[in-house]
Every structure is written in C-alpha cells, then in structure tokens.
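On the provided structure of chain A, position chain B as indicated by the hints.
Taken in sequence, the protein lines are chains A and B. With our numbering, letter number 276 in the first sequence gets 276, and the count goes up by one each step, no holes. With our numbering, letter number 131 in the second sequence gets 131, and the count goes up by one each step, no holes.
Do not rely on the hints blindly, as some may be mistaken.
Copies of the same chain are indistinguishable here, so a pair counts whether it falls within one copy or spans any two.
[What the hints assert, rightly or not] Below, in silico cross-link-like pairs of lysine-lysine (DSBU-like), each with a Cα-Cα straight-line distance of 30 angstroms or less:
no., residue 1, residue 2
1, 62, 52
2, 20, 74
3, 228, 312
4, 201, 52
5, 228, 283
Keep in mind the hints are simulated off the structure, nothing from the lab.
There are 2 protein chains.
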Amino acid sequence: MPAPKGEGTLITTVMNNEIKIFCPATIANISCGFDVLGVALDSVGDEMVLRKTKEKGIRITKIEGQDLPLETDKNVAGASGLAFLDACSYDGGFEIEIYKNIKAGSGIGSSAASSAGAVWAMNELLNKPFSIHELVPFAMQGERLASGVAHADNVAPALFGGFTLVRSYDPLDVIPIPSPDALYATVIHPQIEIKTSDSRKILKTNISLENGIKQWGNVGGLVAGLFKNDYDLIGRSLEDHIIEPIRSILIPGFDDVKSAAINTGALGCGISGSGPSIFAFSKGENIAKKVAQAMKEVYENIEVDYEIHISKINTEGIREMAP
Amino acid sequence: MPAPKGEGTLITTVMNNEIKIFCPATIANISCGFDVLGVALDSVGDEMVLRKTKEKGIRITKIEGQDLPLETDKNVAGASGLAFLDACSYDGGFEIEIYKNIKAGSGIGSSAASSAGAVWAMNELLNKPFSIHELVPFAMQGERLASGVAHADNVAPALFGGFTLVRSYDPLDVIPIPSPDALYATVIHPQIEIKTSDSRKILKTNISLENGIKQWGNVGGLVAGLFKNDYDLIGRSLEDHIIEPIRSILIPGFDDVKSAAINTGALGCGISGSGPSIFAFSKGENIAKKVAQAMKEVYENIEVDYEIHISKINTEGIREMAP
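Okay, chain A solo, but in the shape it has when bound (with noise of 0.2 angstroms):
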C-alpha cells in the first residue's frame, strides 16, 4: 500500500541529499529605484547542483560556462554558503556545482543569482530551518564580495521572485511587490564589462532635492502602477533623473537604444543593474519581441556586440529543476 500523499513527501524531502536548481538573473534599480528595487527574469539564469557532504565545510566543485574562483572564500556563492554554514546548526557542510549562463558584468545579476541560489539550496536541503526573509542576508555577503557592497535589490528578487522593494537595509526590511501578468522584459546586454564598484564610483554622493522629488514620486508611481495592473503608469513611472544621466554615459549607444526601444512601443527603458545591460519592459510578449528586433538593429548599425534575452517576469523566483 502506497504511504499517503503528505508523509511521502516528507520522507523525500528529509532523505533528498541533492538538488538541481534554478538562478534567474535579475533587473536592478528598475530606473527610478536605485539601491531598492529588483525584478526577477524567467527565462535567462544559471544552473547549480548542491550536494550535502558529511565533510565540514563548502567546496565548489565544478564552474562551467565562466573563468570563476573556485575558492570557497573567493567565490560569492562560497561566501554566501559560510554566512548560512554560520548560522545554522547544521554539522555537515555542501558541494557546489555552478552552470553559469549570465555573464559576469553583465548587470543582470550574475553574482546574485549564484550567492542568493547558494543559501536557497542550501535551506531546501536542511528542511527550511530559515525563512526567505532570512535568506537574504547570507545572500549578502556573496554581494559584497562581488562588489564591495552588500546590496539587496538582486539578491532579493533571486530568491523572492517578482518585483521586490529594498525599504530599508538597517534594519533590512525586503518587500515583495506583486505585477500585472503580461509584463514582459526585453534586455539588451552590449559584450563590454563595467564593473559594479567602478560605475559606483562615478556616482555623485549629493544630489538635488528637486531630482529626489522627481525620484520618489516615481517610485511611488512604479509601485501603484504595479499593484494596479497600470501598464501606462508603469511606463511613466520609469525615469531616472539621477543616476541614468551619469551611468549611461559608459553605456555605447544607450539613448539610441532607448529611443528604439520607446518608439516600438515599450512601456519604459532604463540602465539594469549598474549596467550595461539595457532593459525595456513592454506589455505582452509580442511587443516585446519587437523591441528586441529595434534594440539589435542599434548594436548592429554602430558594430558593438550583443546578446538578448525576452523574458516574462518570474514570480516565484529561484526554483528546483529535475535532476
């Protein structure tokens, strides 16, 4: 006789010692919400494989698709694990498989997805001893070693899903934002690296109370306009008088992309992350897809190499595969 639905599942999950899952890239800033707002993508990601060991510890034992340390403390997947490893009771330590897809550099999220995948990995084979609140600082700490800072806003909607809101970091205070179903991300991602403590750098440490108006009341559009289904809001929502001006300067081609990517019919386009990727959000999967076609032909006219992803937004964030 086969055990009842409920017990069975909980045998396996006590008894599953591996896990196959994946890591969305992610949308930083969304244009007006600097340091606090993320979306989660569904169709580009990475893939790891966590194995628990009786062995104490972390090791990465395997990094495909980019040059990545495989050094425990050097590798932001190895010091998110540490900071989870830190905090549980936990006696036996992982192994750590990374199938990399998103590039490094990108601005998608490439360090988020495997430190936030890391910890979430990790919780699902010792049962859920922490909330996806608590996750995310662990996930934090392999943030800060890709950059310096131990920013929220990819890491937060890596594990979440969705659109996130970043309140507050002290104390941190992570707010999931629900969206309308047929918002589509288009982004563009020009093969140059900017690294994200650099484009920090040249970041001005005052501005203008009259572009801080500008900025909140944006904000707040974006996040009434998402609760509303407002596509329309959505897009007048995504300005950025603050930071775009000066990031996208490093961005070859960016206000031709954008303008591409606004006459096609794209809700709004901004710098994702702290770039170069560009991203557009549209309202359906076939505008999308022509925003895509108008984002290319720019890379093409001004010969700068590119890859594309369209994606619908993913809402239930980082998620296990089959083996």
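Same frame as chain A, but now just chain B:
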C-alpha cells in the same frame, strides 16, 4: 407619476444654482513623501457656499472664521476660481461664501481646502465640464497665491479623497492610492504660525544620495503598505531623513510629541505639511484617541496652546452638504 429616478436626478443637477460643500483638511508630505504625498481628513474641514450669478467673474461675499482678503485676486478661492473660469465657456459668474474652520498656517491644508473647494463646487454647478484630474491645476493656482509655489500635495487629496501621489508635476500626474479602513489620523496643532514660504526657505537644495535612497525606499514601502492594508509596513515607512530633521527645529516639543505618540501605539508620526501641526497614524479610533491624549500632555507640560483633531481617512474628498 414620479419621474424615473435617473431623469429626476438629472433635472435637479441642471437646475441647481447654489451648492454647499465640505472641504476637508489634508496632511501633505506624510513623512517620506515630501512634495508628492497627501491625504484627506474626514472630521476637520471648511464649509463653502457657491452660487451662480449672471454677473461675470467671482465675488467673495463672506468669510467667517478667519481674517482673509475678500478681493478675488488676493483670495486663494478667487485665484483658483478665476483659473477655472478662464478655461471654460460659462458666461456667468459665481459668488462664494467661505466658513473657515481650518486655521491659516496650521499645516493641514487651509489654503488647499478653499482653492480646491471653489473649483470643485463650480464644476458641480456647471454640470461637471471637467474631470477631477482636470480640476487639480486650477486649484494649484490658489496654492501659488498662498505660498508662491503651485504645489498639489494638498489640493489633490482634497479633490480625490484618500491618499494621493503626485508622481510628476511636468506633466501633472496625480495617482489616487487606496488605504485600509481602520487607519486614523491624530493631528495636533500647536498655536504658533509657520509660513509655508518660510519653512521652504530653510530647506537645503541638495541632499545626500544615501538619504535619497532611504526616502524613495520609504515612499515605495508606504505605497505598498497602503495597497496591502499592511499597517506595520505603513508605520515602518513613516520615516523622513531629509525634511523632518530640519523643519522639526521650528516646532516646539516635536521630539517629545513624536515619542509620546509612538510609545502610545501610533504607527508613525511626523510633520503635517510644512508644520507646525504634527500628525500620527494609528490603527483604529481607540489608539488614535490615546495618542491624542499623549500628545496633549506634552503641550500641557510645556504650556503651548494647541488644537487637536482625530479623524478617519476621508475617502471621497470634497462633498456636497445639505443646504
């Protein structure tokens, strides 16, 4: 035989040559939302009577409760009314009577109540040639006369009711925001006068990016909390790292009033508009009353005269009253 209900209503509206209205007091800024957020109160406000006249133009025929100019172009209701008249094809005029309960300079939208009330009532008497959105710029002309700045963060909630976000001034983009039913405001008005124009002068024209990030995180949190009916999130978001530290210096006992409110169970507490009134939000009328008592005690101890108001959120805005 009585006329069908719809038809009867129509005739009444068309025939109406006089209207009596309630114009709510409003709290602008709401801690984190300087210049963009506002909310209407339910139990505090002015009354106005407007009457159509064959004579063109606007005459203020009576003002009770405050010593304010009767000259049309020097009175905020007159200024907003003239902007309304300029934009419509009506070929008569209006008489206005104003019964002020909201003190000028109190920081709870005294000028906005009159500016918004005038244009709302005129619009009703002419059978709504304008939408509520379209009335906002007319009402802003009264604010320009009152403070030198055509701000919308008081007139928008007076017109729409509830919470409003002024996402942008150019172009003007006002977004109504819902709020949970049990949200109450307590407002204490120390009897000192601060002119809006003076309280703007002491602000700095630059802010740190760090404080800007906190501010737009909190605006996002407050808007999300209002949509989610999440009282705790509303409370956590009522922080102001930019304006309150400067303006609160002008308000006697501010820190003590704020501590007393929070310690008594208020969700949050801050400066109403440009002050000197101080508002607190609470979940439920009982806590709002206790907060009022705690605030009063502070001003009684330091011997500052005060007025105090306890009010639900007004969700309909300006409303017609029985004649």
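Evaluation of the provided hints:
1. In this homomeric assembly, residue 62 and residue 52 come within 30 angstroms of each other (Cα to Cα) only inside a single copy, at 15 angstroms, whereas the closest approach across copies is 82 angstroms.
2. Proximity of residue 20 and residue 74 under a CA criterion of 30 angstroms is satisfied intra-copy only: 22 angstroms inside one chain copy versus 72 angstroms between copies.
3. In the homo-oligomer, the alpha carbons of residue 228 and residue 312 lie at most 30 angstroms apart both inside one protomer (18 angstroms) and across protomers (24 angstroms), since each shortest distance falls under that limit.
4. When the C-alpha separation of residue 201 and residue 52 is checked against a cutoff of 30 angstroms, the pair qualifies neither within a copy, at 40 angstroms, nor between copies, at 62 angstroms.
5. For a Cα distance limit of 30 angstroms, the shortest separation of residue 228 from residue 283 qualifies both inside one copy, at 14 angstroms, and across copies, at 24 angstroms.
When each numbered hint is compared with the structure, a violation occurs for hint 4 only.
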